[in-house]
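Here are the chains, one letter per residue:
Protein chains: 2
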Amino acid sequence: MRLAELSERSGVSTATIKYYLRERLLPPGRRITATQSEYDEEHLRRLRLVRALIQVGRIPVGTAREVLAAVEDDSRDQLSRLGTAVEALPHGPEPDESDPSTAVGRRTATALMRQAGWRFSLGIADEFPAFRMLVGAIAALHRLGYACDLPHLLPYAQQAAQLAVADLDLVEEFTTPAEQVEAAVALTVLYEPVLLSLRRLAEAEESNRRFGGGS
Amino acid sequence: MRLAELSERSGVSTATIKYYLRERLLPPGRRITATQSEYDEEHLRRLRLVRALIQVGRIPVGTAREVLAAVEDDSRDQLSRLGTAVEALPHGPEPDESDPSTAVGRRTATALMRQAGWRFSLGIADEFPAFRMLVGAIAALHRLGYACDLPHLLPYAQQAAQLAVADLDLVEEFTTPAEQVEAAVALTVLYEPVLLSLRRLAEAEESNRRFGGGS
Numbered sequence: 001m002r003l004a005e006l007s008e009r010s011g012v013s014t015a016t017i018k019y020y021l022r023e024r025l026l027p028p029g030r031r032i033t034a035t036q037s038e039y040d041e042e043h044l045r046r047l048r049l050v051r052a053l054i055q056v057g058r059i060p061v062g063t064a065r066e067v068l069a070a071v072e073d074d075s076r077d078q079l080s081r082l083g084t085a086v087e088a089l090p091h092g093p094e095p096d097e098s099d100p101s102t103a104v105g106r107r108t109a110t111a112l113m114r115q116a117g118w119r120f121s122l123g124i125a126d127e128f129p130a131f132r133m134l135v136g137a138i139a140a141l142h143r144l145g146y147a148c149d150l151p152h153l154l155p156y157a158q159q160a161a162q163l164a165v166a167d168l169d170l171v172e173e174f175t176t177p178a179e180q181v182e183a184a185v186a187l188t189v190l191y192e193p194v195l196l197s198l199r200r201l202a203e204a205e206e207s208n209r210r211f212g213g214g215s
Numbered sequence: 001m002r003l004a005e006l007s008e009r010s011g012v013s014t015a016t017i018k019y020y021l022r023e024r025l026l027p028p029g030r031r032i033t034a035t036q037s038e039y040d041e042e043h044l045r046r047l048r049l050v051r052a053l054i055q056v057g058r059i060p061v062g063t064a065r066e067v068l069a070a071v072e073d074d075s076r077d078q079l080s081r082l083g084t085a086v087e088a089l090p091h092g093p094e095p096d097e098s099d100p101s102t103a104v105g106r107r108t109a110t111a112l113m114r115q116a117g118w119r120f121s122l123g124i125a126d127e128f129p130a131f132r133m134l135v136g137a138i139a140a141l142h143r144l145g146y147a148c149d150l151p152h153l154l155p156y157a158q159q160a161a162q163l164a165v166a167d168l169d170l171v172e173e174f175t176t177p178a179e180q181v182e183a184a185v186a187l188t189v190l191y192e193p194v195l196l197s198l199r200r201l202a203e204a205e206e207s208n209r210r211f212g213g214g215s
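Line order of the protein sequences matches chains A and B.
Under the UniProt record's numbering, the final residue of the first sequence carries the number 215; numbering is consecutive throughout.
Under the UniProt record's numbering, the final residue of the second sequence carries the number 215; numbering is consecutive throughout.
No lab work stands behind these hints: they were computed from the structure.
Remember, predicted model here, so these are calculated numbers, not experimental data.
Please note that the accuracy of each hint is not assured.
[To be verified] Partial chain A-side listing against chain B, Cβ under 7 Å, derived:
1) Ser121
2) Leu154
3) Pro155
4) Leu168
5) Gly212
Think of the CB as a built atom: it goes at the ideal place given N, C-alpha and C, for glycine as much as any other residue.
Next up, chain A with everything else stripped away, as it sits in the complex (with noise of 0.2 Å):
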């Protein structure tokens, strides 16, 4: 298809495609004469997931490209595409390292790791940045004075291990590896807001159970 129609298919513009273009998220199209490329649904659904980064997920440009070169990157398994593009998303502020807290934090994430049977995720520890912003996120409880022990964080693992089958189980519906890692990385940032808000819903069903002699 030319640039137009893969305007029209997707919903973005011209200009901001050719931004894409210049900006290398998305490949160059096979050029067909000197002005005219022709575009394929590979670029439709690079397009998709560009916008789920960008517009969506607010991730800056620089670090969209990164996710997506470990996407393209076929000469690794699929276990190391997935791992290195989810890896190269926004995991907010690195631990205070100068905080005591943050001992406690890592302290505390390394046995809740162990206790949930999460190896591999324990094998890899610090080098995994969703595993530093847990120590992050523990740590700033602890720091606060909130509950952060393992009994109260437990549960919350126990949650994550069962989102988690829910999250596989929709990137396997997609069939190629390739597919599949890009649906990884977008089902990620996409799905955020809706477990975020759901919770929050949730949270209102049980404290209208609780507080409110509600329905």
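Could you slot chain B onto chain A? The hints should help.
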């Protein structure tokens, strides 16, 4: 206690505490001389909440003031105070009503609440910021062509319901209604990064299980 002790016990500098006092994020102390005031445990607790909102949640000062006003408003019953305080938290951009996907998002969100049996949220629906956040999140999935129908979303609602039980159990560890409202706000903010990082860690475990032939 004096300002210096409040600073020491909270780990917040006296300059920052004075700023919070000026911005009315912290109620004034009991004046004891022309230049000195006395602060109590309630100030310490409030300071903890202000730090959770501003430093961890990165919530603007004006929004934090609104949240605190709801926390303080003891003319209302516990359920409505809890609700107002959590609703005042940021909940992302409003759904774009000019986008046809928003109508799909609203229809799907409504059907999802009904299916999950969340009658309280259904009753307030669009007045509820978390509901509008969900509408926008489903609309983004739909617009980008990712699966966002009821069978895909329902497992997330069921997980959210279980998370809410853990959340409210934490809140109920606090004894007075004022402390419970404060805890609900702080824990909503502080547990979001815990939850999102645990989800990414659990996804890595589940990917390893499915694609890595791993443990």
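(request) If any of the earlier hints don't hold here, list their numbers in rising order. (result) When the structure is compared with the hints, only number 2 turns out to be violated.
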